Every structure is written in C-alpha cells, then in structure tokens.
Amino acid sequence: MIQVHFINENKSMEAEVGERLIDCIRRAGLVVEAPCNCIGICGKCRVRAWGALSPPSPAEQKLLMGQDGIRLACLALVRGDVEIELFHGKNELKTINWGYTVEVEANNSIQKVELPKIDRKSPIPYEEYIGYPIESMHLYEKIGRMEKGQGERIFGIISENRLIDIGEDLKEMLGIAVDIGTTGISAYLLDLETGEVLNKVSCLNPQAQYGGDVLTRISYCKENEDGSRRLKELMIDCMNEIVMKLLSNQYHRDAVYQMMIAGNTTMLHLLVGIDSMTIAKAPYRPVFLKKIDIKPKELSIEINKGGIITLLPSASGYVGADILAGIAATDFDEKKDTSIFIDIGTNGEIVAIVNGRMAATSTAAGPALEGMNIACGCRAEAGAIDSFYIDEGYQIHYSTIGDLPPKGICGSGLIDIAGALVKKEIILPNGKFNLDINDRIDGRLRDKKFYITDTVYISQRDIRQIQLAKGAIATGVTMLLKEMGVSIAEVKEAVIAGAFGYHLNPDNIQEIGLIPKGFKGKVSFVGNSSVEGARLALINKDVLNKISSFRNKMEVLELSMKDEFQSCFVKELKF
Amino acid sequence: MNKETILKEIRESLVEMEEEKVVELCEKTLELNIPAYETITEGLIPGMDEVSRLYEEEEYFLPEVLVCSDVMNAGLDIVKPHLDKSSMQEPIKVVMGVVEGDTHDIGKNLVRIMMEASGMEVHDLGRDVPLERFIEKAEEVNADLIGMSTLMTTTMDGMKTVIDRLSERNIRNKYKILVGGGPISQNFADRIGADLYTKDASEAVRRVKEIFGRA
Numbered sequence: 020m021i022q023v024h025f026i027n028e029n030k031s032m033e034a035e036v037g038e039r040l041i042d043c044i045r046r047a048g049l050v051v052e053a054p055c056n057c058i059g060i061c062g063k064c065r066v067r068a069w070g071a072l073s074p075p076s077p078a079e080q081k082l083l084m085g086q087d088g089i090r091l092a093c094l095a096l097v098r099g100d101v102e103i104e105l106f107h108g109k110n111e112l113k114t115i116n117w118g119y120t121v122e123v124e125a126n127n128s129i130q131k132v133e134l135p136k137i138d139r140k141s142p143i144p145y146e147e148y149i150g151y152p153i154e155s156m157h158l159y160e161k162i163g164r165m166e167k168g169q170g171e172r173i174f175g176i177i178s179e180n181r182l183i184d185i186g187e188d189l190k191e192m193l194g195i196a197v198d199i200g201t202t203g204i205s206a207y208l209l210d211l212e213t214g215e216v217l218n219k220v221s222c223l224n225p226q227a228q229y230g231g232d233v234l235t236r237i238s239y240c241k242e243n244e245d246g247s248r249r250l251k252e253l254m255i256d257c258m259n260e261i262v263m264k265l266l267s268n269q270y271h272r273d274a275v276y277q278m279m280i281a282g283n284t285t286m287l288h289l290l291v292g293i294d295s296m297t298i299a300k301a302p303y304r305p306v307f308l309k310k311i312d313i314k315p316k317e318l319s320i321e322i323n324k325g326g327i328i329t330l331l332p333s334a335s336g337y338v339g340a341d342i343l344a345g346i347a348a349t350d351f352d353e354k355k356d357t358s359i360f361i362d363i364g365t366n367g368e369i370v371a372i373v374n375g376r377m378a379a380t381s382t383a384a385g386p387a388l389e390g391m392n393i394a395c396g397c398r399a400e401a402g403a404i405d406s407f408y409i410d411e412g413y414q415i416h417y418s419t420i421g422d423l424p425p426k427g428i429c430g431s432g433l434i435d436i437a438g439a440l441v442k443k444e445i446i447l448p449n450g451k452f453n454l455d456i457n458d459r460i461d462g463r464l465r466d467k468k469f470y471i472t473d474t475v476y477i478s479q480r481d482i483r484q485i486q487l488a489k490g491a492i493a494t495g496v497t498m499l500l501k502e503m504g505v506s507i508a509e510v511k512e513a514v515i516a517g518a519f520g521y522h523l524n525p526d527n528i529q530e531i532g533l534i535p536k537g538f539k540g541k542v543s544f545v546g547n548s549s550v551e552g553a554r555l556a557l558i559n560k561d562v563l564n565k566i567s568s569f570r571n572k573m574e575v576l577e578l579s580m581k582d583e584f585q586s587c588f589v590k591e592l593k594f
Numbered sequence: 539m540n541k542e543t544i545l546k547e548i549r550e551s552l553v554e555m556e557e558e559k560v561v562e563l564c565e566k567t568l569e570l571n572i573p574a575y576e577t578i579t580e581g582l583i584p585g586m587d588e589v590s591r592l593y594e595e596e597e598y599f600l601p602e603v604l605v606c607s608d609v610m611n612a613g614l615d616i617v618k619p620h621l622d623k624s625s626m627q628e629p630i631k632v633v634m635g636v637v638e639g640d641t642h643d644i645g646k647n648l649v650r651i652m653m654e655a656s657g658m659e660v661h662d663l664g665r666d667v668p669l670e671r672f673i674e675k676a677e678e679v680n681a682d683l684i685g686m687s688t689l690m691t692t693t694m695d696g697m698k699t700v701i702d703r704l705s706e707r708n709i710r711n712k713y714k715i716l717v718g719g720g721p722i723s724q725n726f727a728d729r730i731g732a733d734l735y736t737k738d739a740s741e742a743v744r745r746v747k748e749i750f751g752r753a
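As given, the protein sequences belong to chains A and B, one line each in that order.
Every position in the first sequence, counted from 1, becomes a number in our numbering once 19 is added.
Every position in the second sequence, counted from 1, becomes a number in our numbering once 538 is added.
No wet-lab data here; the hints were simulated from the structure.
Please read all numbers here as calculations on a predicted model, not as lab measurements.
Among the hints, a few may not be true.
Label pairs and their computed distance ranges (CB to CB) [claimed, not checked]:
| # | chain 1 | residue 1 | chain 2 | residue 2 | range |
| --- | --- | --- | --- | --- | --- |
| 1 | A | Glu444 | B | Glu748 | 36 to 46 Å |
| 2 | A | Leu72 | B | Arg710 | 28 to 38 Å |
| 3 | B | Lys737 | A | Lys314 | 24 to 34 Å |
| 4 | A | Pro448 | B | Glu588 | 14 to 24 Å |
| 5 | B | Glu588 | A | Ala71 | 45 to 55 Å |
As a list, the in silico PhoX-like pairs of lysine-lysine whose alpha-carbon atoms are at most 20 Å apart [said to hold, decoys possible]:
| # | chain 1 | residue 1 | chain 2 | residue 2 |
| --- | --- | --- | --- | --- |
| 6 | A | Lys467 | B | Lys737 |
| 7 | A | Lys63 | B | Lys737 |
| 8 | B | Lys712 | B | Lys737 |
| 9 | A | Lys81 | B | Lys737 |
| 10 | B | Lys737 | B | Lys698 |
| 11 | A | Lys219 | A | Lys241 |
| 12 | A | Lys241 | B | Lys698 |
| 13 | A | Lys541 | A | Lys355 |
Glycine included, every Cβ here is placed at the ideal spot set by N, Cα and C.
Using the sequences provided together with the hints, build the complete structure.
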C-alpha cells in the first residue's frame, strides 16, 4: 500500500499502484471538478502533485501546456507515495435568482381547514368524526399527543381532500419552489396562503463534479455501478441543505407542505436516482415525463412527513420541465403575436408560438456559450470578463466580475467580444480574423488570437466554437419556424430565458446571429423563468394544471434527424 | 495554355471556390486532350488537399469546405466520363458511420466529403448505425478501413463493441479502425484498441493515407 497525502487538507489515505489521482481524491471525500467525466479532454481537473506518478502522456502534456508540477487528476496514475495540493477556487456562481413573471393569485390545492373539536366526554375515537380518512401513522401520533392536552381549536392541512397534517398550533403553510439546472440550483421559500416569497437561495449543482453537462453525467452513471445512487445522494443532501438554508432559524421544516421541482428531464431523473441512459441515446427516450408526486420519506427530503414533492412534467427527453415552467411563468402560451422562447445553455431549447400553436425543439449547442471549451473560458466567477466593447476609436473596454484583474472570459463576455469583433469587422462574416485591420487595433491579432490583455485572448478556434454553438441555436429557430410556416421576419418577440441569458447584451446576441438574421422584433430577458414557473405552480393549482397540459399542446421536433439540418446549420454558421 | 498552367489554375480556382471557372477549365483539359486521370490527381485532388490544409489551420471552416467540395464534384462530373479506369490506383475502401444511439452526423459527413475528395471509396452507413452493420458492410465490400464517429459520450462504448466483435471473429486485422468525434481522445482510442484517432476531418484523411502508404 502506498500513501497519498493531501497538503492543504492535511489528510492522508492509502491507495493502490495504478490508481488515478481523481479516484484517490474522490475516495478521500474531496472534490475536483471534472467537467468531461474524466475522459481526458477538458483539462480542467488540475492539481499540483509530487512524488511517484506516471509520466504525463503526450495528451496530458498538451492540455497542461508545460506547467511544472501540475497534473490532470483523471490522467495521472499513482506509482508510489504522492502528495497532492488541490486548488480551491471560490466555488461561487454568479447566477440570478430572479425571473420575470406574470402575477397570479394564491390558489393552492393545499388548504388549512378547521376540524371538529375533540369530544372529551365521548368514547368514540376522534378519527371517526374528523371528516377525513387518516392515512399515515404520524397523524395518529399527533392525535395521540393532542389527546393529552387541553387544546381547543384543531386545524388540519388538506390536499385534494386528503388530510396531510393536523394540530392545534399550525402556524405557517410553506412551500418550496426549486429549479435544478445542470450547473446551478435556485430555490424559493413561499408562504402558501399569500404566495409571498419569504427567502431565496442558490448554489452550484453538486453533481457538476461528475460532469459538466447532462451527457457526461449520464455516462458517469453508466460507467460506475453505484453512479446513479451517488448522484442521487449528492442531490438529496443538497436539497436538504437548501431547505435548511431557506428556513434559517425562522421557520420549522414541518411547516413545509410542498416542494415543486422544475429542471431538465435528465436532472429530474437523476434527482430520484432513475437510470436515464435511454435519454442519452437516439431515440432519446426518458423513463418518465408526467408530473410525479412523491412522499418526502421516499426521497429522504426533510419537510413535513405528510407533504408532497412534485416533479413538474416535461415534454420530451430534451424539452424538460424547466422549459414548460418557463413558458407558464412568462405566459408565453398566451402570446398573440408570433414569438420564440430560447433557453440558452449547453442544450439550447427553443419554443415557438404561431397563432396559439406551440412547437419546441432542442439543439446541441455545446458549452461554448457558457465559457467552456474556450481557451481562456471560465465560469461566471470572480475575475471573469463579463462585458466588453470596442469604441469608435477602436479602443477596447471591458469589465470583470468583482472588478478583479481579468483571469478569463465567461459566457456573456464571450458573446460581447464576438459581437464587438464582428461589428468592427475584426472578424469577417465567415468567422475568420481580418488581418487587414490589425493596425487599427494596436496589433492585438497575433498567432490567430485576439489579445484582450497580455494573457487573456480569444483564438480563431474559440471563434469557431462560438460559430458552432450559435449556429446550432439559430438552426433550431429557423427550422422550427419553417416547420410552422413562418419566417424569422414575422417574429415579434424573442424571449430569452435562463440564468445565463440574463447577463447577455441583446445587441450582441443579434450581431453574432444567435437569433437568425432578419429578426426585427424585440428581445426580452426573463431570467430564471424555470424557478418562477415552479413558484407559480406551487401557489396556484391552475398554473400547475396548465403546465401539465402543455405536453399535449406542444409538438416536439428532433432536428438532428431531419435531412435539411446540415444545410441549414452551415448557413447559420455565418456571422 | 499548357498543361501545367491549366492544372495549377484548377487547383487555385477550387481553393477560391470558383465553380464556373473550374468547370470551364476542366472542359478545356478535355479539348487539350489532357488525360482525365491527370486532371483529377494533379488538379482537383491537390486543390482539395489545400482546402484540407486551410481547414486544419482554421482558415477555412465547414461552409468553405462544403462549397469547395461542391466545386470539386462539378469538376469531376466533367472529366470522370473520360477517365481511363485502368490508369487509376485501386482506391482505399472505407466503411463509415455514426455509431448506434447518436443522430449527430455533420462531423462524419465532413470526413466523408474529404475522403471522397482525396479519391477514397467511401461507403457511408449514415447515423445511428447498428454496430453489427459496420462489420457486415466492411465484410461485404472488402473494406480497408472502418471509421466510427460520435458526438455523445454515452454512445462511445459502441466503438469498443465493434472492435471486440471483430477480434472475437478473428477478423480484426483485416481492417484499420479510425475513431473520431467530440468526446473521443487519443487516450480513448488507445484504450479500446483503435488504430487511429484524429481531431478533425482533414487530419483523418492525411493520416489514413499515411497508414496505407499513399501519402
């Protein structure tokens, strides 16, 4: 046995010769993010390591670009005693925990009612005249406790004519709305009687360490016997933590009667630990799409025992509950004018509405627009360039998150940079750098890279990645509209959803052609409309029913199977 | 106009995506009795090789490559009927497709276009191809190379299955195996025992020619 020592954590463990560093790190209960699920292509699982290690392979050397002492945890193998230093970046995500929504009144299926008093002179059990069947042991326990007291008024919480809680001192009726995104999670605590938002929290999706996108995460489950279980546990722990944070010291978890959860189809499968392999292979079939109500105990989520955890319905394997919730939150289904709804992410989901008819699709945009797979790309974290423009005198201007020295470029910065370069013709419509203009920009174009600072740049390859990503989304829009018999010029509004989309500059989205050329309508940003949709579904049962009805009202198209996909995509690659 | 000048012009016009000019020049080669074989191997194919090089250097992108390949095909249409088949070298035979479970095929299409442009005989099985189909077709056409592609990490293992089945039937050595696609890496190719991995289409063509001694 050999020793692996973690310097910063002052933790040691035993390992076997030939084990990968990543496996040692995970076994020690420590975390290194591996967005590509350890297939050795993303180069993000960097650690500093000394000792008896396998020599770096050419592939690893290429990804490391000659940094001394740094190794990729998924490629380096231990050969003997090793010391490891993990880098702890601030694991915070700049996300928005907010979304635009329509107003709805509180009209939940969960209601508080006053129940008959206990007739303390009668030998007949209270349950026999309570008016509702008692369906769980914990309610008998509560009645037993009330029998000991002298209380007068008794209240019950009912949901669709089922008694789910009983007591003399039932104060608040709370609910929690959640959006489980592939990258981030947002949650609201609500008062179910008034619909008021009492608290909000957001955090990174803890499953992200096992893969940055849905496919790599599903691959992780496939390759590891207990993969699904492990990812479920991580998510359940996270949900319980969110519940605790939302309640803080002010409220009790027994006051939470419902949790309404939106998310993409895969995230909902992974939450409940269901093998979702079939979503990730043609014909992309999920195990479930319908709304599911689950008892908290079944998931070990700690809210009121009689409460309900509701997974919102999805429309297909790649048009999930997050999109349906977003449609409801923005009343998109009520739009009279031809409109499109775009959720920009690794998978770009698109919904179009024409004369009340809705159709949806999703496109494999890849993670480039979120700053991944980009030479100097990074998440929306401290030091990331998040906005950028070039003025009339060809001087560049940018801002960074937290006003820190620039360390990389996040998604919104990337789109700004691409937009500005296209506008100033530093990038030609075919995506190539225009060297003729180099004098005007102080020679920032060197070796097929545009330098923003001495170390932060955007390369020709990055531009190609952006073209592929925006081309995929634009193709989705174009083909969806064609299917519905309208052109982009007829579209009056583009609704951009997603926490990421909110930070984008509308001019640059159009400049780079993410919305296809010829669009003349308005662009509106609605933020995280998924969590907002979950909120509305939580406080108003009509909204919940409406979301359930979308699946039958919405045709879902699988674009990659259509013949004209390639020719359309090639056209949309242009700036 | 002499032969050298006209072939050079064909190469340059192809790279510049000038379809009409390439067609005109190809017609002229017939008038001048330049053998179709030479027009193809010293005009059109080297022109497309240059396009591949530009693609590899990120100067050209998908749209340019597709346009150039259309230009090349327009030229081929003119001269091919006049081709003396016996003068051509036996082409490298390729069976390729996107593995079962994946419907994303643009990358694979690009490889096919570039392989065809360099004179290989490509049997394209399309997308979401049942794994057994790769083997059947390779046996049927007596292929030299099996090419498999995928964009999705979840379907990568299909490539290994194909290689394993070839080994089980003792026919692994009849074929070279090329793998590629977004999540594929040299590391993965080594692990599953593929002969060749390349990061893009043009490198694929170059390396395939190398391993068959046609460089």
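We went through each hint and held it up to the structure:
1. A/Glu444 x B/Glu748: 36 to 46 Å: Holds, at about 39 Å.
2. A/Leu72 x B/Arg710: 28 to 38 Å: 33 Å Cβ-Cβ, so the 28 to 38 Å window holds.
3. B/Lys737 x A/Lys314: 24 to 34 Å: At 50 Å between Cβs, range violated.
4. A/Pro448 x B/Glu588: 14 to 24 Å: Given a distance of about 22 Å, which is inside 14 to 24 Å, the answer is holds.
5. B/Glu588 x A/Ala71: 45 to 55 Å: 48 Å, holds
6. A/Lys467 x B/Lys737: 19 Å, holds
7. A/Lys63 x B/Lys737: Holds: A/Lys63 and B/Lys737 sit about 19 Å apart, inside 20 Å.
8. B/Lys712 x B/Lys737: Not OK: B/Lys712 and B/Lys737 at ~24 Å, beyond 20 Å, violated.
9. A/Lys81 x B/Lys737: Measuring from Cα to Cα gives roughly 13 Å; hence the hint holds.
10. B/Lys737 x B/Lys698: Holds, because 18 Å separates the two Cα atoms, which is no more than 20 Å.
11. A/Lys219 x A/Lys241: 34 Å, violated
12. A/Lys241 x B/Lys698: 15 Å, holds
13. A/Lys541 x A/Lys355: 15 Å, holds
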